[in-house]
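**Q** Residue strings, one per chain:
Protein chains: 2
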Amino acid sequence: MPITLAIDCMGGDHGPSVTIPAAFQFLEEDTRARVILVGLPEIFDAGFQQAAAVFGDRVIVRTASEVVGMDEAPASAMRGKKDSSMRVSIDLVKAGEANAAVSAGNTGALMAISRFVLKTLPGIDRPAIATIIPSMKGQTYMLDLGANVDCSAEHLLQFAIMGSLLLEAVEHSASPSVGLLNIGEEDIKGNEVVKKAAELLRSSGLNFYGNVEGNDIFKGTTDVVVCDGFVGNVALKSAEGLAHMITTFLSEEFKRSWLTKLVALIAMPVLKRFKRRFDPGRYNGAALLGLRGVVVKSHGSASQLAYLWALRRAAEAARNDLVERISARMSGYTAASSESSPEGTAA
Amino acid sequence: MPITLAIDCMGGDHGPSVTIPAAFQFLEEDTRARVILVGLPEIFDAGFQQAAAVFGDRVIVRTASEVVGMDEAPASAMRGKKDSSMRVSIDLVKAGEANAAVSAGNTGALMAISRFVLKTLPGIDRPAIATIIPSMKGQTYMLDLGANVDCSAEHLLQFAIMGSLLLEAVEHSASPSVGLLNIGEEDIKGNEVVKKAAELLRSSGLNFYGNVEGNDIFKGTTDVVVCDGFVGNVALKSAEGLAHMITTFLSEEFKRSWLTKLVALIAMPVLKRFKRRFDPGRYNGAALLGLRGVVVKSHGSASQLAYLWALRRAAEAARNDLVERISARMSGYTAASSESSPEGTAA
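From first to last, the protein sequence lines are chains A and B. The first sequence maps to residues 1 to 347 in full-length UniProt numbering. The second sequence maps to residues 1 to 347 in full-length UniProt numbering.
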């Protein structure tokens with residue numbers, strides 16, 4: 001099926017200077033795909049028209065009159081800016097004109113608008129954000145990294161199901177392994193929510209590995225790591241903080257004298273290879289899961305290549321029926337849970 | 001006041017081969033201090049006697065007949081091994097024969113035995129473990145890293161008070177700043193417990209900075225970072241996992257060919273300086289806070305120098321009346337809270 005992506009060209013730190021070239025690059029490699037570029041009228045100038053002409057009707061332009069600010073409160077973006085490039089992009093998914101929307105804009109606003117416009121799938125209480133993290137074995141999908149604090153065991157189960165299906169759809173991995181983030185491997189460890197979530201996961205039919213610890217995220221012990229949004233955010237930001245400290249100190253050591261600067265010059269190819277291996281761009285494209293439509297969030301600071309990764313992931317999720325997979329699986333759960341308990345968690 | 005440290009010589013991966021030389025080194029630099037070395041009789045052999053003779057009555061030997069295993073369940077260590085080197089060391093603090101105990105043994109067992117033998121201070125519901133983490137500004141004290149999952153806002157307040165007083169006692173910093181680990185700087189962020197803890201902290205009289213995020217631990221935004229034991233454990237283990245991945249990948253890149261091996265050789269002095277700056281040994285010595293006695297936990301894998309740091313920290317905490325400081329401060333809180341609410345949290 002030819003995929004159509006709605007792209008919020010205004011989102012992110014670099015806006016159209018990154019999003020539009022990335023969109024064109026995406027069209028070059030995904031030769032049947034189409035894009036709907038959404039942005040303020042002025043970005044679609046003569047230079048753009050010329051570059052877009054190559055792709056013919058595979059590029060559609062949709063203008064919007066507003067832009068959601070990177071620091072804008074989600075509620076104000078949702079209620080006050082009904083013609084923002086972000087909102088119009090999501091509306092296109094809702095209307096069935098696009099198979100997925102991609103934005104590098106404000107995460108909170110994107111989640112609020114997506115939830116308001118698209119609604120959650122039956123059986124999903126809260127949408128989650130799944131991020132890809134480099135690991136020693138390749139990559140780990142981790143969720144939730146959204147604003148889901150105070151999660152219940154049922155929410156963690158829903159995250160695990162959605163994360164599993166995301167990997168099946170996007171990475172084509174059969175029966176991905178799921179780890180539950182905890183403070184020890186033993187079953188007796190952890191708080192009450194996590195203990196109960198482990199029970200639910202064991203009888204979920206998912207490929208549940210058991211408890212994992214913080215270091216397992218980077219070890220790559222499981223394909224998916226599930227946690228509440230509070231813990232996920234702290235884990236990821238702590239790791240980012242450490243990475244920043246290490247690179248800063250390393251570069252300080254190399255800049256210490258003319259001799260160490262010379263050493264740095266000699267070591268440059270090795271350091272560059274090392275840096276490439278960790279290139280955050282390769283891991284760009286976080287999926288907003290549990291909605292009635294595919295929405296992918298790019299990092300705000302994404303480069304053209306990084307943004308291209310987000311576009312690829314959105315296309316892959318749409319092409320492989322991510323929403324339908326989650327919907328089908330959840331309706332199984334909803335049916336089972338309403339059978340076993342009439343006043344169960346099913347909506 | 002001359003300090004006496006009770007040292008569990010058997011604890012840790014290396015046992016007496018690290019703990020005893022470290023104890024002697026400690027006596028050399030802290031010229032009025034004394035140590036009570038606790039261990040199985042066979043470790044105090046002729047070679048030991050000869051080396052110990054230099055210090056005269058500043059070295060006291062106390063034999064124990066059992067050793068707590070590194071993987072032993074805390075309950076079994078506590079109930080089943082009443083003559084373990086760990087238990088005897090804590091008993092010495094309880095009896096007033098030592099001012100502090102240091103062990104590199106099993107953390108869970110050390111906490112359980114310390115809590116059972118020494119008891120918690122009035123106004124402290126749960127003891128906490130405070131660890132020192134290298135930061136871009138020097139170091140950050142973080143607590144809790146114990147097994148306190150499912151903490152209340154009051155527990156977080158108690159951790160903040162204890163962490164502050166630890167810094168005042170050990171680092172001699174006046175009015176250390178305290179950050180509350182959260183998922184955003186704004187007051188509206190976070191779960192209910194953290195929001196309530198922020199309120200308590202604002203009116204606590206502590207130097208409360210406000211919310212901090214995971215990356216602030218390594219940035220060194222505040223002197224103390226407070227969180228529940230679940231979040232603290234995940235944050236620290238995630239960072240450790242990332243550090244391990246980075247060093248592994250970096251060393252792989254340098255080992256790739258004879259040319260990169262040559263580059264590594266040239267870069268070695270720089271890499272070594274960098275490594276020294278992060279030397280975990282410098283940050284060894286986690287304090288068990290909230291007990292009626294000073295107990296310091298060393299990393300199980302600590303080297304002699306790292307173990308020395310734990311001994312120094314224990315001596316500093318005892319010399320500067322850590323327990324009395326926490327006790328005095330908490331009795332103020334206990335009095336205030338029973339005044340304002342007769343059925344308040346005060347015990």
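Incorrect hints may have been included.
All copies of an identical chain are treated as equivalent in the list; a pair is satisfied when it fits inside any one copy or across any two copies.
Stated by the list, open to error - Result set (DSS-like, lysine-lysine): computed pairs, CA atoms no more than 30 Å apart in a straight line: (1) K275 <-> K261; (2) K272 <-> K261; (3) K261 <-> K219; (4) K275 <-> K119; (5) K119 <-> K189; (6) K196 <-> K261; (7) K255 <-> K275; (8) K82 <-> K119; (9) K272 <-> K219.
Everything labelled a hint here was simulated from the structure, so no lab data went into it. Note that the coordinates shown come from a computational prediction; the quantities given were computed from them, not determined experimentally.
**Q** Hint by hint, note whether the structure agrees.
**A** A quick look at each hint next to the structure:
1. Within a single copy, K275 and K261 get their C-alpha atoms as close as 18 Å, and across copies as close as 18 Å, so both meet the 30 Å cut-off.
2. Taking identical chains as interchangeable, the C-alpha atoms of K272 and K261 lie at most 30 Å apart whether they share a chain (15 Å) or sit on different chains (15 Å).
3. When the C-alpha separation of K261 and K219 is checked against a cutoff of 30 Å, the pair qualifies only between copies, where the shortest distance is 25 Å, while the shortest distance within a copy is 33 Å.
4. When the C-alpha separation of K275 and K119 is checked against a cutoff of 30 Å, the pair qualifies neither within a copy, at 39 Å, nor between copies, at 50 Å.
5. In this assembly of identical chains, the alpha carbons of K119 and K189 lie at most 30 Å apart only when taken from different copies (23 Å versus 35 Å within one copy).
6. Within a single copy, K196 and K261 get their C-alpha atoms no closer than 54 Å, and across copies no closer than 50 Å, so neither meets the 30 Å cut-off.
7. Taking the shortest Cα distances, K255 and K275 sit within 30 Å of each other both inside one copy (18 Å) and across copies (16 Å).
8. With identical chains, the CA atoms of K82 and K119 are at most 30 Å apart within one copy only, with a shortest distance of 16 Å there and 60 Å across copies.
9. In this assembly of identical chains, the alpha carbons of K272 and K219 lie at most 30 Å apart whether taken from the same copy (22 Å) or from different copies (25 Å).
Hint violations for this structure: numbers 4, 6, all remaining hints satisfied.
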